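Top line first, the protein sequences correspond to chains H and W. Residue numbers for the first sequence follow the numbering used here, so the first one is 2 and each next one is one higher. Residue numbers for the second sequence follow the numbering used here, so the first one is 74 and each next one is one higher.
Simulated from the structure, these hints should not be mistaken for lab results. As the structure is a computational prediction, the values presented were derived from the model and not from experiment. Heads up, the beta-carbon is just placed ideally off N, CA and C, and yes, glycines get one too. Some hints here could point you the wrong way.
To be verified - Taking lysine-lysine and the BS3-like style, the derived pairs with C-alpha atoms no more than 25 Å apart in a straight line are:
1. W:Lys225 x W:Lys320
2. W:Lys466 x W:Lys262
3. W:Lys212 x W:Lys201
4. H:Lys132 x W:Lys392
5. W:Lys320 x W:Lys392
6. W:Lys201 x H:Lys132
Stated by the list, open to error - Taking beta-carbon pairs under 10 Å as the criterion, some of the chain H residues facing chain W (in silico):
7. Glu57
8. Met110
9. Ser122
10. Val123
11. Leu182
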Amino acid sequence: MKNLLILPLVLLFGGQGYAQQAQPQFPLSISYFSHTLYQPGVKLGTQWTFRSWPAEGSEATKQHTLYLSPQIAYYTHIDNYSNYLINAELGYRRLRLNNRRYIAFSIGMGYLARSNVRNLSVNLGDGSTSKQREWNHYFLPNLNFEFGRKINDRAEWFSKWTYGLATNFGQSPTSMVFVELGARFFLFQ
Amino acid sequence: MTRKEFLKDLAALGLGASFFGTLFSSCGVQDATLPDIEANFDGKILIIGAGAAGITAGYILQRQGIDFQIIEAAPIFGGRVKKLNKGFADFPIDLGGEWIHTDPSILATLIDDPTINASIDLVNYRPKTFRVWKDNKLKKRNIVSNFYREYKFKSTTWYDFFEQYMIPNIQDRMVYNSPVDLIDYSGDKVLVRDTNGNNYEADKVLVTVPVKIIQDGHIDFQPALPPAKVDAFNSIDFPPILKAFMKFSERFYPDMLIMDGLFIQDYLFYDAAFGKEAQSNVLGLFVIGDAARDYTDLATREAIANRIIQRLDEVFDGKASRYLEDIVVQDWTKEPFVQGSYSHFGDDYESTIETLTSPVSDKLYFAGEAMDVEGDTSTVHGASRSAYQALSKMLRKA
């Protein structure tokens with residue numbers, strides 16, 4: 002457990018300084034993942050960079066990247082529903098080498114499985130409740146904007162905003178907004 | 074969180090931030106515990122009104138072995154809790170208070186009997202399809218489904234709750250068809266008179282009638298209530314309200330239709346069968362305040378029903394009149410012993426509540442939907458809980 006706590010700190014602060022180089026492959030990201038700010042959750046993801054190139058010119062100050070990012074996530078509305086999300090995004094990222102900040106845009110497609118509390122039964126003796134759940138399933142096409150900053154070669158923080166449309170065949174789509182705040186670790190350079 | 078508060082918050086703070094209240098209310102946190110009642114009183118108590126507060130007060134006193142009587146103006150108990158039995162639809166319908174605006178464990182809290190071996194099924198009320206009617210256009214607003222959440226009874230009603238768990242203990246202490254018109258607390262005993270000329274006597278009186286009845290002077294207090302108390306009552310807005318239920322042969326409506334804009338939630342059509350596993354297609358109408366006057370100003374229920382269907386036809390291209398099978402209108406504004414909806418407070422909420430709930434001469438006490446000191450005014454559970462609060466004050470002083 003102690004090692005688990007130390008690892009992120011080492012990754013965040015133990016780097017050898019920032020180096021201008023292509024994005025390492027398969028970083029691991031972990032983030033606080035929230036639907037409409039208050040429904041808390043967590044998201045894990047990785048990223049496969051399939052093209053990365055510097056800006057044209059003698060002194061390149063920007064790095065462009067195209068990537069594919071698979072993710073899994075969980076979030077909940079306490080006592081109401083639990084959600085399991087599998088998502089994949091195709092994105093473009095532009096890193097400013099001088100200040101190590103970046104922005105990224107991506108388009109994704111997710112599959113959202115929701116365990117919904119449909120009914121509940123209240124015990125009148127002690128007030129306890131038992132819940133009857135149902136599953137709902139949605140496709141979740143989404144658009145994403147992300148910004149962040151590299152801390153060193155091994156870590157960066159980011160914030161990400163997602164707009165999605167939860168769609169199934171039984172009803173009209175529902176707009177959804179997600180907010181993420183997380184860190185990405187480059188473990189396998 | 075009431076519907077009105079819900080959308081006011083939305084308007085004020087924007088989507089998302091307004092729903093922290095909902096989050097916290099859904100964390101399984103129990104409502105504040107009810108005040109203890111010290112049963113060291115051997116006099117008689119009269120309860121004026123057999124709504125949620127009056128019934129609960131009787132239930133408490135009966136369990137404490139204290140002598141009491143409930144004087145009700147109407148021929149039935151319930152007040153603004155009223156039920157439309159199965160027959161109109163294949164499920165019973167709340168014609169008055171309908172939603173449970175708090176953690177559902179409040180039901181156990183109100184009964185306050187750990188030995189009871191029963192449970193109640195509820196609907197986790199989260200409509201999925203929302204539409205807004207504004208500027209003569211019907212717009213999708215399903216995003217609201219991410220935030221909206223309340224509870225409803227699944228196969229019973231608020232009326233059933235009181236009828237099943239409280240009324241059996243107190244029904245022999247209830248007097249119906251007795252509108253009280255005089256409360257004389259000038260002497261050692263409190264004298265109460267109804268419009269039939271019947272007189273009642275007690276040591277203390279718990280008044281649970283709707284605010285409007287006090288405001289309009291239907292009860293003559295002798296001596297008059299303190300000016301601060303009168304001012305507090307008069308400061309409360311008690312707007313008109315109308316509910317209606319339409320049964321259709323086809324379902325053509327969303328789970329919820331908000332009229333006149335998303336942020337004005339005084340005017341709703343909603344699928345009354347949502348989550349109830351019913352076969353009937355029943356659309357409910359809830360309209361309160363100025364929007365309700367469009368209906369309540371009409372003279373007859375037939376005229377109101379026609380206006381409702383006309384309005385729905387505008388929204389749904391004539392489908393309402395095409396598929397209509399039956400309609401029930403509940404105009405609370407025309408109920409002689411209610412005359413409106415529920416309390417809407419001004420800016421000075423806390424001091425108004427304090428003044429309203431303060432006893433007069435240690436003989437008159439007050440309870441009802443406007444008196445819940447825990448802050449859930451305008452709700453059925455708040456009215457019920459206010460009975461515990463009022464009796465706690467009354468009996469501790471004895």
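* **Pair hint Lys320 of chain W and Lys392 of chain W, alpha-carbon separation not exceeding 25 Å** => Within the cut-off at roughly 12 Å; holds.
* Go through the hint on Val123 of chain H and say holds or violated, using the shortest Cβ distance to chain W against 10 Å. => 5 Å, holds
* Asked: Are the Cα positions of Lys201 of chain W and Lys132 of chain H separated by 25 Å at most?
  -> The given pair, whose Cα atoms are some 19 Å apart, holds under the 25 Å limit.
* Asked: Are Lys466 of chain W and Lys262 of chain W close enough, with their CA atoms no more than 25 Å apart?
  -> 18 Å, holds
* Take a quick look at whether Lys212 of chain W and Lys201 of chain W sit within 25 Å of each other, Cα to Cα. => Holds, at roughly 14 Å.
* **Hinted contact Glu57 of chain H with chain W - closest CB pair below 10 Å** => Violated. Min distance 41 Å.
* Per the CB criterion, is Met110 of chain H less than 10 Å away from chain W? -> 19 Å, violated
* **Hinted pair Lys225 of chain W and Lys320 of chain W, Cα distance within 25 Å** => The given pair, whose Cα atoms are some 19 Å apart, holds under the 25 Å limit.
* If you take the shortest Cβ to Cβ gap from Ser122 of chain H to chain W, is it below 10 Å? -> Holds: closest Cβ of chain W sits about 5 Å from Ser122 of chain H, inside 10 Å.
* Given pair status - Lys392 of chain W, Lys132 of chain H, alpha carbons within 25 Å -> 37 Å, violated
* Given Leu182 of chain H as an interface hint, is the shortest Cβ-Cβ distance to chain W below 10 Å? -> 15 Å, violated
In summary, the structure is inconsistent with hints 4, 7, 8, 11 from the numbered list given earlier, while agreeing with the others.
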